[in-house]
Structure formats: structure tokens, C-alpha cells
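S.K.: Read off the chains here:
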Amino acid sequence: MKDAHVYSHYRDAVIGAVIDLAAEHKDIVFLDADLSSCIGSTNFQKAYPDRFFNCGIAEANMVGVAAGLSSMGFTPFIHTFGCFASRRDYDQLFISVGYTHQTVHVIGSDPGITAQYNGGTHMPFEDIALFRQIPGFTIIEPSDGQSLYELTRQVYASGKSSYIRTPRKGIEFRYTPEDKIVLGKGIELSDGQDVAIIATGSLMVSGAVAAADALKEKGINATVIDLHTVRPLDTDLIEKVASRTGHILVCENGRYAGGIGEMIAGYLAERNPVRMSFLNVGERFGEVGNLKYLSDTFGFTAENIARKAEALLK
Amino acid sequence: MDAGLIKDLKDKAFDIRSRTIREIASFGSGHMGGSMSIVELLTYLYYNEMNVDPENPGKDDRDRLVVSKGHSGPAVYATLSTKGFFPESWLETLNQGGTRLPSHCDMTKTPGVDFTGGSLGQGFSAAVGIALGQRLKGYAARTFTIIGDGEAQEGQIYEAAEAAGAWKLSNLFGFLDLNGQQLDGYTKDIIPSMDMKARWESFGWDVHEVENGHDFSCIADAVEKAKTVTDKPHMFIMHTIKSYGYIPGEGIKSNHSMPVTKEQAEAAIEELRKREGR
Chain A
1 MKDAHVYSHY RDAVIGAVID LAAEHKDIVF LDADLSSCIG STNFQKAYPD
51 RFFNCGIAEA NMVGVAAGLS SMGFTPFIHT FGCFASRRDY DQLFISVGYT
101 HQTVHVIGSD PGITAQYNGG THMPFEDIAL FRQIPGFTII EPSDGQSLYE
151 LTRQVYASGK SSYIRTPRKG IEFRYTPEDK IVLGKGIELS DGQDVAIIAT
201 GSLMVSGAVA AADALKEKGI NATVIDLHTV RPLDTDLIEK VASRTGHILV
251 CENGRYAGGI GEMIAGYLAE RNPVRMSFLN VGERFGEVGN LKYLSDTFGF
301 TAENIARKAE ALLK
Chain B
1 MDAGLIKDLK DKAFDIRSRT IREIASFGSG HMGGSMSIVE LLTYLYYNEM
51 NVDPENPGKD DRDRLVVSKG HSGPAVYATL STKGFFPESW LETLNQGGTR
101 LPSHCDMTKT PGVDFTGGSL GQGFSAAVGI ALGQRLKGYA ARTFTIIGDG
151 EAQEGQIYEA AEAAGAWKLS NLFGFLDLNG QQLDGYTKDI IPSMDMKARW
201 ESFGWDVHEV ENGHDFSCIA DAVEKAKTVT DKPHMFIMHT IKSYGYIPGE
251 GIKSNHSMPV TKEQAEAAIE ELRKREGR
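So the protein sequences, as listed, match chains A and B.
Going by my numbering, the final residue of the first sequence carries number 314, and the count climbs one at a time with no gaps.
Going by my numbering, the final residue of the second sequence carries number 278, and the count climbs one at a time with no gaps.
Source of the hints: derived by calculation from the structure; they are not laboratory data.
It is possible that part of the hints are untrue.
[Unchecked claim] Chain A is faced by these chain B residues, among others (derived, beta-carbon under 10 angstroms): (1) S119; (2) Q122; (3) Y158.
Because the structure is a prediction, the values reported are computed rather than measured.
Built from N, CA and C at the ideal position, the CB exists for glycine as well.
Please work from the sequences and hints to get the whole structure.
M.R.: Now the structure itself:
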């Protein structure tokens with residue numbers, strides 16, 4: 001597998017994956033809604049000018065056009081900010097893509113508080129909940145550049161529509177090309193017996209890893225799960241860590257209602273109820289600020305994750 | 001237009017109209033008004049224009065039709081049955097549980113339906129995508145699409161209109177069924193369809209007024225004229241009458257969806273037969 005460490009930003013990794021796929025697969029086309037400079041789909045346009053379409057600031061139509069192209073045998077990747085990719089064009093995603101069994105890959109950028117300076121109007125907290133309502137959609141939120149590259153390739157290979165939730169700027173790496181990254185299979189970053197911290201996306205997974213280190217100093221051994229594939233849920237792994245630890249903390253950069261924590265809680269309630277706790281945005285709207293300010297404001301810090309994990313054990 | 005061809009098309013339209021009325025009556029009610037208003041257009045497209053093959057409905061380089069005003073499904077199904085896409089007996093299953101002929105056109109259910117309509121505005125965007133896909137594949141194929149005047153109140157219609165105009169999709173043929181009525185009443189009393197010709201021209205479309213959308217010569221003249229314009233998508237403003245040909249529904253406000261018994265259906269077909277001198 002290609003080494004994604006060549007990329008300097010998440011946006012380069014996700015668009016790089018689509019460009020590499022497009023070299024092999026002539027069915028791939030790319031649609032953007034006047035945010036191509038933000039995600040770097042301009043690079044796709046340079047590589048394949050005849051297969052790129054800027055639909056302008058008209059997200060609902062972009063989704064419909066993508067659905068029509070899919071019905072003609074093309075596989076569209078489309079991009080806009082996650083808030084518009086979910087809330088703004090939802091009925092089009094539901095009916096023109098989901099209900100009609102078309103295949104469209106939706107890249108929603110700047111999830112949750114990573115929208116930072118664009119502020120509350122641009123923060124998707126409920127995007128995962130919305131995509132979870134559409135039968136057949138795969139949802140991924142990779143936590144590093146390598147897994148973002150690999151999983152983007154894998155959702156294409158799956159042939160099913162997907163929502164790819166990713167920040168644009170900055171990049172972290174926790175995996176190498178040799179690591180096994182499989183769509184639908186979460187990754188155990190540590191295997192402590194006391195509590196499991198399940199997280200998605202770079203912000204929360206990195207926070208969970210740091211929290212686990214802090215907990216270890218207090219004699220608490222945590223399992224950390226990088227749940228890069230939100231849907232379909234890796235139920236084998238969830239059951240395993242529930243049985244192992246009996247305590248699960250779910251950390252998500254979004255809202256509880258319809259989100260990842262509620263999904264896992266619902267699954268376990270039927271089979272193996274365990275004590276659970278949840279870190280999310282609660283009932284708040286977003287607001288403007290840098291990531292440090294927003295992380296502190298919403299409690300998305302390693303310290304708070306560790307505190308919540310510790311409280312769960314009391 | 002050749003007189004023999006016009007007669008043949010009129011005969012087909014009568015058959016399609018009769019089948020549609022009986023189909024709706026088999027369920028007991030349905031979207032009569034918007035089905036009846038597009039019967040001549042469907043007849044023209046399927047019997048004089050579109051390159052489709054009921055024996056090979058999935059042929060990739062075929063012409064395609066997206067009925068974005070998907071509630072006209074009953075007329076679409078009647079037309080497809082006359083073409084042999086499926087047996088006429090299917091029409092009696094309209095809206096029954098497990099049917100392949102649901103109220104609104106559904107590509108996952110019905111052979112010959114090229115895209116799902118019904119959530120108004122959405123089929124039109126898909127038609128733009130299909131026309132774009134045909135061009136990308138280098139096909140000579142065309143995409144036809146039908147929208148309603150009520151549907152043209154949806155904002156998505158204009159997002160799609162802008163894109164199709166910008167991309168100069170000359171293989172896209174749109175038909176606006178300007179029957180002047182929507183579910184709650186007359187469009188003039190709700191949101192009037194103001195200056196549709198100027199509106200579509202402003203989006204970069206080649207626009208044609210079809211003064212009588214139930215007259216095959218009028219439709220043919222406009223379509224043939226449009227074919228000479230090769231750098232714009234085409235919009236035909238079809239002046240039609242809601243419920244045209246289902247005489248009990250003509251000229252009344254509440255003809256969007258109507259209850260129809262089998263006896264009423266046969267009486268209406270007989271009344272139409274007399275009016276048309278058959």
C-alpha cells in the first residue's frame with residue numbers, strides 16, 4: 001500500500017486517494033460546490049479536467065447531478081463542508097442517492113469543532129446521525145493520514161455509498177503502510193482491562209491515547225479503540241471490549257442524539273449492557289474559535305477524557 | 001406533420017388515456033389531473049422521438065426520460081405498458097402492496113423508468129446528471145425530463161437550470177407541464193408561474209412555447225425547431241389542461257388526486273370516445 005506520509009494535510013490524503021483511484025477507474029468523477037480550493041479537488045481537476053465539475057454553491061443540485069451520473073454508470077465523489085454535505089442537501093441524499101440505490105461518495109470536511117474559524121454556522125455536529133438514517137451508507141471518520149488514504153480506497157472498492165468525515169488542514173500519522181487497516185474493523189490501540197475508550201477521528205483518538213497514558217500513571221489500564229468505521233459498526237470488537245472491561249467511554253466530535261455513543265449504547269443494551277459514559281457536544285450549537293479554545297470549551301481534551309474515564313469506574 | 005402519423009398518435013393517446021383512467025379506477029383514486037395533462041407528450045416521446053427498446057430496457061446508450069413530477073406515474077405506466085415494457089395487467093396493481101407500479105415513479109421498481117421522481121425538484125437535477133453522463137460517454141443519446149408548474153416553485157429546479165445552462169447541455173430536453181393547477185388549487189392564486197419564458201431564457205436555455213400541449217403538430221414543431229439549437233439545453237413550456245381527457249375532472253379545482261370508480265371510469269372513457277368522434 002502507498003505510504004501516505006507524502007501528504008502534508010488530510011485534504012491532500014483524501015483527494016490524493018481519489019486521484020490515484022481515478023487513474024485506475026474511469027468511472028470516477030468529482031463534483032464540488034465552490035469549495036474545491038478548500039479541499040484541494042483542484043488537483044483532481046488538473047489531473048482529470050474532463051471528469052471534474054464545479055456545481056457552484058448549489059449543494060442540493062450537486063447531489064442530484066451526482067445521482068444522475070451514478071445511474072449512468074459513473075462513480076461520483078462529491079465534496080462540500082460537512083454541515084452542507086449533511087443538513088443542506090439531506091432529502092437529495094436520502095431520495096436521489098439512498099432510495100434509488102445509487103453510489104455516491106460524499107466527502108464532508110471540517111467535522112465538528114474542527115471547523116474552527118468558520119464558526120457555529122459551519123459546524124456539523126449531527127452529520128453522522130443524519131447519514132445513519134439512510135440505509136446502505138457507509139460512514140468513516142479516519143484518525144490519521146494513512147487510514148484516511150486507505151479507507152477512501154476501500155469505500156470505493158465496496159461499491160456502496162459513503163460519507164467520508166475528515167478535517168482539511170494539518171495531518172497526524174499513527175499508522176504505516178504495513179499496518180492492517182480494514183473497512184468495518186476498528187483498531188485496538190491498547191488493550192487495558194479496566195475501561196474502554198472508543199473514539200473516532202484524529203481529535204478524539206489522539207485525546208483518547210493521551211488520556212490512556214495519563215490513566216496508566218494512576219494505575220488504570222485502558223483499552224483505546226480507533227473506530228474509524230462508524231457504520232457498519234464493528235460489533236465483534238464492541239462486544240469484545242465490553243466483556244473485557246465492563247466500562248465504555250465513547251468520545252465523538254459531534255452530538256449524542258443519533259451519534260456514535262448512542263449507537264453503541266443501543267447495540268449493547270440488547271446484548272451485554274455495561275456501564276457507559278459519553279463525551280460529545282451535548283445540546284450546544286457551535287461557535288467560532290481556534291481548536292485549542294474550542295477543545296477547552298467543549299471538554300474535548302485528554303484531561304477531560306481521563307477524568308470521565310476515571311469517574312466511570314467509581 | 002403527416003396526417004397519418006397524427007392519427008396514429010391520437011389513437012395511441014386515446015389508448016394510453018383509457019388505460020390510465022382504468023388503472024386509477026382499479027385502485028379507486030389517484031393523481032388523475034397531472035397524469036392526463038401529459039398524455040400527448042408521453043405519446044409523442046415514446047412513439048415519435050425516443051430511442052428505447054422494451055426488449056433491452058437497460059441499453060446504455062438509449063434516450064432516457066425522467067418524469068420529475070413523479071405523481072404522473074399512472075400515465076407513465078400506461079404508456080410503458082403499451083410499449084411492452086411489462087404486461088397491461090400490471091396496471092391493475094397500482095399502489096397495491098408489493099406492486100411494481102407505485103404512486104410516484106420509482107426506478108428500482110418499474111422496468112422502463114429511468115429515474116425516481118416524486119420528491120419534487122429532485123428528478124430534474126438527476127436528469128441534468130444523466131445528460132452530462134451521456135455526453136461524457138460520447139453518446140448521441142438525449143435526456144428528456146418533465147416537470148410540473150407547481151414543481152417549478154421548488155428552488156432546486158433553478159439550481160439545476162443554472163448548471164445545465166452553464167454546461168450547455170444541448171442533449172437535455174425539458175418539458176414544463178404548465179397546466180395552471182397544483183394540489184391546493186390554481187397556481188395563479190398560490191404562487192403564479194410568472195414569465196416562464198424569460199425565466200428559462202435567463203438561465204441560458206433554448207425556450208419554446210407550445211401553445212397547445214395536447215396538439216401533436218405543436219409539439220413536433222417545437223421539438224424539431226429545438227434540434228437546430230446545438231449549444232443550449234431546451235425547455236418547452238407546454239400549455240396544457242389539467243385532467244385533459246378525463247372529462248369529469250376538467251375545469252374543476254380539485255382534480256389533482258381524485259376518487260374514480262370503475263363505472264365512472266367506463267363512463268368517462270365513453271364520453272371521451274364521443275368527444276373525439278371515435
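S.K.: Next, verify each hint and record whether it holds.
M.R.: Consistency of the hints with the structure:
no.	hint	result
1	S119	holds, 5 angstroms
2	Q122	holds, 5 angstroms
3	Y158	holds, 9 angstroms
Violation of the numbered hints given earlier is absent; every hint is satisfied by the structure.
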